[in-house]
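2 protein chains.
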Amino acid sequence: MIKVVLDAMGGDNSPKEVIKGAAKALKESSEVSIILAGPKEVIESEEAYGECDKDRISILDAKEVISLDESPVMAIKKKKDSSIVKGMKLIKEGQADAFVSAGSSGAILAGGQLIVGRIKGVDRPPLATLIPTEKGVSLLIDAGANVDARPEWLLQFARMGSVYMEHVCKVKDPVVKLVNIGLEEEKGNALLKETLPLIKKLKNLNFGGYIEAREIPKGDSADVIVCDAFTGNVILKFYEGLGSTFLHIVKSGLMKDTRSKIGALLIKPALKEALKAFDASEYGGAPLLGCRGLVVKCHGNSTASEISTAILQCESFVKLGINDKISEMLEADKLCLDTDVRQEQKDEQ
Amino acid sequence: MIKVVLDAMGGDNSPKEVIKGAAKALKESSEVSIILAGPKEVIESEEAYGECDKDRISILDAKEVISLDESPVMAIKKKKDSSIVKGMKLIKEGQADAFVSAGSSGAILAGGQLIVGRIKGVDRPPLATLIPTEKGVSLLIDAGANVDARPEWLLQFARMGSVYMEHVCKVKDPVVKLVNIGLEEEKGNALLKETLPLIKKLKNLNFGGYIEAREIPKGDSADVIVCDAFTGNVILKFYEGLGSTFLHIVKSGLMKDTRSKIGALLIKPALKEALKAFDASEYGGAPLLGCRGLVVKCHGNSTASEISTAILQCESFVKLGINDKISEMLEADKLCLDTDVRQEQKDEQ
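Chains A and B, in that order, give the protein sequences.
Under this note's numbering, think of the first position of the first sequence as 48, with each following residue one higher.
Under this note's numbering, think of the first position of the second sequence as 48, with each following residue one higher.
It cannot be assumed that every hint is accurate.
Since the list gives no way to pick one copy over another, a pair counts as held whenever it fits inside one copy or between any two copies.
[What the hints assert, rightly or not] Calculated pairs, DSBU-like style, for lysine-lysine (alpha carbon to alpha carbon, straight line, at most 35 Å):
id, residue 1, residue 2
1, LYS219, LYS303
2, LYS50, LYS217
3, LYS167, LYS136
4, LYS234, LYS136
5, LYS315, LYS182
6, LYS126, LYS240
7, LYS127, LYS372
8, LYS50, LYS182
9, LYS234, LYS182
10, LYS234, LYS265
11, LYS315, LYS303
12, LYS217, LYS284
13, LYS248, LYS125
14, LYS217, LYS303
15, LYS87, LYS63
16, LYS63, LYS127
17, LYS136, LYS240
18, LYS139, LYS234
19, LYS366, LYS217
20, LYS139, LYS126
Derived by calculation from the structure, the hints in this document are not laboratory data.
Excised from the complex, chain A in its bound form:
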């Protein structure tokens, strides 16, 4: 049985949709149990809670709620009785396997670092987000956790992303690329110039060089897209902004004259279907990889079905032993870089 702590108070649609999501997940899998973190009386008054299998659901009473407008680090330190702090402590103590929340991104990221802690070999847990592309999905890592990255962190992001895509998303030998502003080796900032020679030394990593931002939406050249969180978050936010602006322009264009209005009515169903595949919110939770257990951040506007998907994601993540695989591979990478240093020292003598 996989134990998932679910933040009942996180997200725009909490607690209703969150608890509905819990009920849905329990129905879909018999191997998951859920601990709902939040104020007991609020959770108990939700209709969906009544429908849950009581053998596999319990409540972790937490009176405080961390809101979106407070400083994440301060909130994590002060609100000891919040669903995020109490829930994450269970993961730290090994009493539960995973933590899922659609609440304050900042608080989830800060809590992942400060409360849950990291697995062996990981310096900084990155946020890994599946982004829609024309061909399917790619994993963007780091999409929001570490805005000032170091070369060795990018190597770890690459490795963690590769393990995740291969084992959780079942992509054979995933292609890993670094985001840059050109494809030539001499292009890029200081961070990339230091990272390139190092990442090339890693074994069993299908490194494919650089990728330019314009290629990302096409989705045909990389499975894992590695960058610092500043770049990653700019890309992620832009996905939302440009898509919706574009749609807005198309719509206003179609309302211009009668001919276009009739045409617009005819194309509406097909257009809706086509654009659905490109909606970033369809892809459930984003894991903060490299944390002890598993921490998953869901979109703030998640519905029951996204919450349920995120919970079931945790089940396969834990069952597949992804964290052990990550630690093993990172250990091998370290040896690989060390051996190389030793060899260079030998050569110099």
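Please arrange chain B on chain A, whose structure you already have, making use of the hints.
Structure of chain B alone, referenced to chain A:
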């Protein structure tokens, strides 16, 4: 009379479209003269050259061409007889006012730094690009020149962008924002955290705080969008990539069934018109601000009309004395920051 050196051999459509652009500009303005840089015999054999007013056009014979696939810095150093090197030298020596090229971006940026040189007060010339938004255009600065920026450079980018938008693009009191991954003051990487308190000290700058990437396409909150060139280039390239992917998805959705196909035929003209306004290539040349004279980089696929627009842009830039305005304002900014430092030292005593 404003003297513009035009790289006859730069861009996918050179020399034909470039020389046509020269002819067009000469017809549209009587106050500009053009020096075409390139192999004399190639230029003379072009039909459009024959149509030009010979009193206002001349040839700067340059036999070598810098191609897109060679290292920009090496090319600038080695190809002394190229249109870019010879053309830029005229600007440096004060024999011409502006240089326009649709050739290798890297070579233009490197040449701007290494050959042309900077005006007083500027540490690093940034590339300033007008990007289309739902409401009009915004200026993205730095869009490609300095991938590792320092706080004081970002301040200069902000100032130069503000002067350009106000005087060249006639935007009254332009709003300047810094690209960040959130709006709260504590958000951002080390670069932004150092820049924020400094930029707030500048006088006569309409600084509006941070802007998230998702807001950029809407165009209703900032006239000047400031960032390092790594971030700027990611944004610029993404504009192209996401737009074309989106269009592709819409198109394939519309070919799904007969109903949609008929609808698609009806909406085609309106859709085309709506999307045209959102085409980044419509906005002509991007100035490398802060160089002596003026260096303008045009899109590689520029047509005669874009080349002509870029030339006429140079005319107003030089006539308005933008460089003097920039130097004056930067001098004032420096005093402003210095005064502040002195005041702080006083307070501490």
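Would you pick out the hints that fail for this structure and give their numbers low to high? none
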